[in-house]
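Chemist: Below, each chain spelled out in residue letters.
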Amino acid sequence: MTKIAIFDFGAGNLFNLHQSLLRNGAHTVDIVRTLNELENYDGLVLPGVGNFDSAISSIQKDSISLNAAVDSGMPILGICLGLEMLFNKSEEGILDGLKVLDGDVLMLPKTKVKVPHIGWNNLRIVKTECNLLKGIPQDSWVYFVHSYHIEPQDENLIAAITDYGSTLPVVIERSNLLGTQFHPEKSGKIGAQIMKNFVNICEKNE
Amino acid sequence: MPLSKRIIPCLDVDNGRVVKGIKFRGVKDAGDPVELAKKYSDQGADELVFLDITASKQDREIMKSMVRKVASVIDIPFTVGGGIKTLSDAREILLNGADKVSINTATVKNPELVTDLMKIFGRQCVVVAIDVKRNYDVDEKHTVMHGPDKDFYFEVMIYGGSKGTGIDAIQWAKRVEELGAGEILLTSIDADGTKNGYDIELTNTICSNVRIPVIASGGCGSSDHMVEAFKKTDVDAVLAASIFHYDKLTLDKVKRYLADKGIKTRL
Chain P
1 MTKIAIFDFG AGNLFNLHQS LLRNGAHTVD IVRTLNELEN YDGLVLPGVG
51 NFDSAISSIQ KDSISLNAAV DSGMPILGIC LGLEMLFNKS EEGILDGLKV
101 LDGDVLMLPK TKVKVPHIGW NNLRIVKTEC NLLKGIPQDS WVYFVHSYHI
151 EPQDENLIAA ITDYGSTLPV VIERSNLLGT QFHPEKSGKI GAQIMKNFVN
201 ICEKNE
Chain E
1 MPLSKRIIPC LDVDNGRVVK GIKFRGVKDA GDPVELAKKY SDQGADELVF
51 LDITASKQDR EIMKSMVRKV ASVIDIPFTV GGGIKTLSDA REILLNGADK
101 VSINTATVKN PELVTDLMKI FGRQCVVVAI DVKRNYDVDE KHTVMHGPDK
151 DFYFEVMIYG GSKGTGIDAI QWAKRVEELG AGEILLTSID ADGTKNGYDI
201 ELTNTICSNV RIPVIASGGC GSSDHMVEAF KKTDVDAVLA ASIFHYDKLT
251 LDKVKRYLAD KGIKTRL
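Residue numbers (our numbering), protein chains in the order written: chain P, 1 to 206; chain E, 1 to 267.
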């Protein structure tokens, strides 16, 4: 019985994500505002809505619990902003990031492309053994909505990239830490497969 | 690599039903919004737009529950517009599962609403709808366009295209971009309902003046009109309402046709 928690930054619209996890195999999905009871769950999702500083302020009080979850091996999926928060800092805000992963978050190249990057773009998978991308064909279309992108220090954690003005890392995987810059919950059938993969990863960890 | 061009079916909703007709005038029932949303999503729609065309107080409650139902059956982005006047109207719609809100008349009356929404929900949630009509009564504050017979300017219209504002659409598009709009939903009132094709002149003019994505709307009667819009302008997406209702044209067929014509689409 896979039980997944979605952390609520207070910026709304978690309904889609909630429904998507349920449609794709999770048995129970709770929207939580504290990470103190994470031991009751098999996986955690950091959603992709809101802005950097306010999201960081809402989760800062729970950073000890978050770090414990990271160390315990609990699968954690960061989506868009939820992924960006895991890094050191972001050009979107002045607060420090969660510093779970090394690297920064930068603004998209405004002079070269339209910002925000809104729409469907292709996924170039660079790490075929990535669990989150199991069964996903090369060049699949996924849905993006973002103005910032991650720049990880360690390139080895990049599992897929997308071209938009420059080459953007858009899927990362480092043991239990998973992240997508795009929105799998909005990416049609391909996104549904990615959500299923995440639920399966959580189930194995159960 | 450029993004795929988006094909967006628009569902005009009145009292919880999808209605069809020349926008804002005579209406005819076209089905259940949740069923149609699911069907279009399964057929390959890249996004959906719901416009609440009556937006009475009672209608708002129906809309809220409809948004929730739609959000639980589709896995593509969707936008809800019509009658959103305040931050709390927008919040209600977004909290119930919409990805974006489209605001129109309220933006003209209260431009700060765009900025407030952007600050709370992020730029990507804020679609500013601009309804535009050619106005031949030009003065020096307008960007003058040269028509075949007479000069005109592109005027921003409100209240469903029925009321002029005197505001120049080019200047307005730039302004809403600065205020925090993530996208512009550009409807040509001149083309709307004609089925003669999108307003290429207007679309080109606006696209070349902003750096945010633009969705062209009004006038679509066939797949060739979409091809024309994508070939002749820089537009990111096209909106079409009635051509998809009653299965006259299906999304998968339209998208394959576009791909054959060399337009980058998500198949």
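Worth flagging that the hints you see were computed from the coordinates, not collected in a lab. The C-beta atom is built at its ideal place from N, Cα and C for all residues, glycine as well. Treat each hint with caution, since some may be false.
Dumping the calculated DMTMM-like pairs for lysine to aspartate or glutamate here, alpha-carbon to alpha-carbon at most 25 Å [claimed, not checked]:
(1) P/K189 <-> E/D247
(2) E/K195 <-> E/D32
(3) P/K189 <-> E/D59
(4) E/K231 <-> P/D139
(5) E/K261 <-> P/D163
(6) P/K110 <-> E/D247
(7) P/K189 <-> E/E112
(8) E/K69 <-> P/D139
(9) E/K174 <-> E/D252
(10) E/K119 <-> P/D62
(11) P/K112 <-> E/E112
(12) E/K69 <-> E/E112
(13) P/K196 <-> E/D42
(14) E/K64 <-> P/E92
(15) P/K134 <-> P/D163
(16) E/K174 <-> P/D8
(17) E/K264 <-> P/D62
(18) P/K114 <-> E/E201
(19) E/K253 <-> E/D116
(20) E/K253 <-> P/E91
(21) P/K114 <-> E/D32
(22) E/K264 <-> P/D163
(23) P/K114 <-> E/D234
(24) E/K119 <-> P/D53
Pairwise CB distance ranges, derived in the manner of DEER restraints [what the hints assert, rightly or not]:
(25) P/N67 <-> E/K119: 38 to 46 Å
(26) P/D71 <-> E/D234: 47 to 55 Å
(27) P/G165 <-> E/E178: 20 to 28 Å
Chemist: In ascending order, which of the hints set out earlier in this document are inconsistent with the structure?
Modeler: Failing hints, ascending: 3, 6, 7, 8, 9, 11, 12, 14, 16, 17, 19, 20, 21, 25.
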